[in-house]
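**Student:** Given next are the chains, with one letter for each unit.
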Amino acid sequence: MKGEVWVYAECIDRAFHEVSLEILSKGREIADKIGGSLSAVLIGRGLPDLAKELVDFGADQVHLLEPPDSNFYLDRQMVEVLAEFVKEHDPDIFLLAATSVGTELAPKLAAKLKTGLSAHCIDLDINEKGHLLQVVPAFEGGVLATIVCPDQRPQMATISPGVMRVRKRESRNGKILRREVPLKGEPRIKVLDTLREEPMDTPLEKAEVVIAGGWGLGGKEYWHMLEELATLLRGAVGATRPPVDEGWAREYQMVGQSGKTVRPKLYMGFGISGMMHHMVGIQDSDFIIAVNSDPGADIFKMCDFGVLGDLKKVLPCLIQEIRKKVKRVEV
Amino acid sequence: MRIIVCLKPVPDPKHWKEMSLHPTLKVLVREGIPNVINPLDRNALEEALRIKERQGGEVIILSMAPLFCLSILREALAMGGDRAILLSDKAFAGSDTLATSYILSEAVRKIGDFDLILCGNQTIDGWTGHVGPQLSQFLGIEGISLVRMIEEFHFEEDAKGRAKAARAIVRRNIEYGYVRIEAELPLLLSVVKEINTPRYATFAGILEAEKKEIQILSASDLKIDPSHVGLTGSPTKMADLFMPEVKRRREIIQEKPEVASRLIIEKIHQRGLI
Amino acid sequence: MDFKLSEREELLRKTVREFAEREITPRMDEMEETGEFPVDLLKKMGEMGILGVITPPEYGGVGLGNLARVIILEELGRICPAIPMALQVHHMATHALSAFANEEQKKKYLPPLAKGETMGVVAVTDPSGGSDVAGMKTSAKLEGDKYILSGRKCFITNAHASDIWVVIARTGEGGKGLSAFIVEKSFQGAKLGRKENKVGLRGAITGELVFQNCEVPQTNLLGHEGDGMNIAIRNIVETGRPGMASVALGILNAVLEQAAKFANERILYGKPISNLQMIQSHLADIYADLEISRLLVYRVGWMRDQNIRCDAESALAKQFSCEAAARSARKAIEIHGSYGIMREYPVQRLLRDALVTIPAGGTAEVAKLVMARQALSMLK
Chain A
92 MKGEVWVYAE CIDRAFHEVS LEILSKGREI ADKIGGSLSA VLIGRGLPDL AKELVDFGAD
152 QVHLLEPPDS NFYLDRQMVE VLAEFVKEHD PDIFLLAATS VGTELAPKLA AKLKTGLSAH
212 CIDLDINEKG HLLQVVPAFE GGVLATIVCP DQRPQMATIS PGVMRVRKRE SRNGKILRRE
272 VPLKGEPRIK VLDTLREEPM DTPLEKAEVV IAGGWGLGGK EYWHMLEELA TLLRGAVGAT
332 RPPVDEGWAR EYQMVGQSGK TVRPKLYMGF GISGMMHHMV GIQDSDFIIA VNSDPGADIF
392 KMCDFGVLGD LKKVLPCLIQ EIRKKVKRVE V
Chain B
895 MRIIVCLKPV PDPKHWKEMS LHPTLKVLVR EGIPNVINPL DRNALEEALR IKERQGGEVI
955 ILSMAPLFCL SILREALAMG GDRAILLSDK AFAGSDTLAT SYILSEAVRK IGDFDLILCG
1015 NQTIDGWTGH VGPQLSQFLG IEGISLVRMI EEFHFEEDAK GRAKAARAIV RRNIEYGYVR
1075 IEAELPLLLS VVKEINTPRY ATFAGILEAE KKEIQILSAS DLKIDPSHVG LTGSPTKMAD
1135 LFMPEVKRRR EIIQEKPEVA SRLIIEKIHQ RGLI
Chain C
119 MDFKLSEREE LLRKTVREFA EREITPRMDE MEETGEFPVD LLKKMGEMGI LGVITPPEYG
179 GVGLGNLARV IILEELGRIC PAIPMALQVH HMATHALSAF ANEEQKKKYL PPLAKGETMG
239 VVAVTDPSGG SDVAGMKTSA KLEGDKYILS GRKCFITNAH ASDIWVVIAR TGEGGKGLSA
299 FIVEKSFQGA KLGRKENKVG LRGAITGELV FQNCEVPQTN LLGHEGDGMN IAIRNIVETG
359 RPGMASVALG ILNAVLEQAA KFANERILYG KPISNLQMIQ SHLADIYADL EISRLLVYRV
419 GWMRDQNIRC DAESALAKQF SCEAAARSAR KAIEIHGSYG IMREYPVQRL LRDALVTIPA
479 GGTAEVAKLV MARQALSMLK
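Protein chains in written order, with the numbering used here: chain A, 92 to 422; chain B, 895 to 1168; chain C, 119 to 498.
Derived from the structure by calculation, the hints contain no laboratory data. From the three backbone atoms N, C-alpha and C, an ideal C-beta is built for every residue, glycine too. Treat each hint with caution, since some may be false.
[To be verified] Below, computed lysine-lysine pairings styled on PhoX-like, alpha-carbon distance capped at 25 Å: (1) A:Lys93 to A:Lys178; (2) C:Lys389 to A:Lys392; (3) A:Lys266 to A:Lys281; (4) A:Lys311 to A:Lys351; (5) B:Lys1106 to C:Lys132; (6) A:Lys220 to B:Lys1161; (7) A:Lys392 to C:Lys303; (8) B:Lys1087 to A:Lys351; (9) A:Lys178 to B:Lys1004; (10) C:Lys294 to C:Lys486.
[Claimed, not checked] If you want the ones that stay clear, here's a sample from chain B, every Cβ over 10 Å from chain C, calculated: (11) Arg896; (12) Glu1069; (13) Ala1095.
The following block holds chain A by itself, in its conformation from the complex (with noise of 0.2 Å):
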């Protein structure tokens, strides 16, 4: 049906992935734009209480979808009853999020559905014609390209985690409709078990996100800060050559035009001038915040976002505020 946007939200341990409710907020502006309705699918059992979050969060209807037993696994029979029930109501957008769920789960239901998926996405917008328009990264974000779909529907779309913004959350009327699921026969993927894991060590080249401190760090005491905000946000550790010398980093960990060179997501550097040989080791990180007190440091020409003041100050602050959200995330 034209108009209707639907989102595909999952929840660990009976709370939402918060990319669910990013993706959601986002299929409620798209879903205002067009004049259409949005709605959440979510499949589990006892959920009916959570569903009343996701409407509260912008869905003008919940479907439900209550399986036999709560442990299953998205295998083709799963798919086939979703996709049967995307036909059923005929949508004409649908979101997933690109978490290890979605990322499988929707190329699946696209090749049931014969229609078309586009993967990743970092934007969405949707056009006059009723196009959504959906924004990609390739070459590891050195191309992006924007794809459409403009003949089968519903028009689908995983989208990266952090992209969208959370809508405020409030109290909203919304149906909650559920239909319990029949399977046939023994499911042909079991899971045997879930088993946590702490992030390992990443090499420097290869971490996506690297905290960098230099000279203006001042010590070991504020080193060993800098360590723990890089284990907080699962990055590695680079230095300039002054904490080297000093002891506080280790030869290996040196970034810059004598030492390595990284390309990480996030490059963070605390206490660093941004001097040439360090700045070459660096420049083709996609986003490069910098903390330092001097005004004039070169490395404020070439960051993306920089904080002038005390890194002593900001870098205790900083790591308390992550300490609460990672809390909040891991459950």
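For chain A, the structure is supplied; the task is to place chains B and C on it using the hints.
**Tutor:** Relative to the frame of chain A, chains B and C by itself:
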């Protein structure tokens, strides 16, 4: 066991800086850029070779690519593949992931029976990760992505009393750990980098590969419906293509530590890193 | 004349390049510091076939030929020139055996060398001078069914990493009185002497072999008594000089890459220095040195595979490319300005590596004698 490994030649990342955007046609100019085997497909091939070393069988390389990519398939044979099939036809050009998966599925049908299909979880150029799951759908088999380890196979006796692999136990990456899954064969697995370290081809392997078969199939060799392939057969179309300029935003703020911290966290969150 | 590489040669190059970038790069600092050859890499290279590249398959090698060998050594040298330095001397040992050993000797000694179980050595240079081969003092006296070797060999690459040595020693008078022997480190009286501390190509071990009444079975004589000079010369012309030239080729590749990279990154007067004409002139010179050297060395590889005698061409390739490597490395250092003379930057290492290639495998002066002879013979 008969294992099919799907392989895609991709532009060599060391040369990506040399690629440019055609100003009017809105396509990437890839001429002269050498291709390599998509890195995760190498991991898939390595896993297939290890299984073959343990259980015996055949490793078949399957790839949909232009004719000049024959040398890439030769490299895969040098690593240890037994034979290769290259799907090449002008009609295939412009296929999106759905059309590509359809074409690959028809080639797999032509190959006949198989136990396992292995692919890399995604390619470094497109990064969609769609072809594995979509191929499994087209073939009517189960597909599992983000596979970091194949723990073991369980065998059963078939009608002729021979041992046939019936089930596999694998580990799949999830956000904060992994799940252990048991799935029935035939099965498609999309693998991630952690699964193994791919071997180098040996010189002896390079010499042997020159004698191995590379079959080239066009659309007419497969039971392809032309309306399902190429640009016409692709539900997704590219409306625009651009190379973002790396211009640093230079947003400088001077705020209290608490405010600065919150703003920093917002930037981190926007990158999906927290 | 086809200047293109075959598909096989391209695939060989690609495979070795990947191996070198991934496996050798992380070991370079340690090699530079300690001067030691990474023995675990020997095993991996053996599995790939690098050690047996010119040894026939029936003796455990891959038998790919000399042009393939040049390409492989060049790719390894592009990352770490010390590695192909060690390997090329190893190939000299395998070549000496393939060309001059009898069936029993080949069956015994080639397989462990070809597979990389041990490195090989060719020991010609006496303290009395490597350029004066006929004047060597190391002697071998036949006593019963054994030769007794006495003397020392110096500046021998792979000395401390090798169990199998091809040694030239004096059994008679003058140049026609030299003979070649296969000596195992485990033989009575065979000892390792000092280890040298080279300024470059660190990671390729250079040391002394000492023979104190070393007992070598008669069956370990290579060919006949008196064959020693011919074996030494053929060995150096056909395998040693092309091998060293390939090391220099590797250095030239690295020199050009680093010079161009630095020129693109270094900003002066608001722009990369690659915009400045004098820098471009240096880069053009380095480019010319690389291309010319490559043509000379590849030609020797090709001639060897065609079994065409190439004494002068081999001398030219070696003398020119090693000199070019040193000349270009120096230019690259100047492109780097003061960064070029800091130990932290790799470019200074390339100059030191290039300097070591010049006397190794025969001095430039001896090479020029060969070239002059060829030039004069053209008058006839």
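**Student:** May I ask which of the numbered hints given earlier this structure violates, with the numbers listed in increasing order?
**Tutor:** 3, 6, 7, 9 and 13
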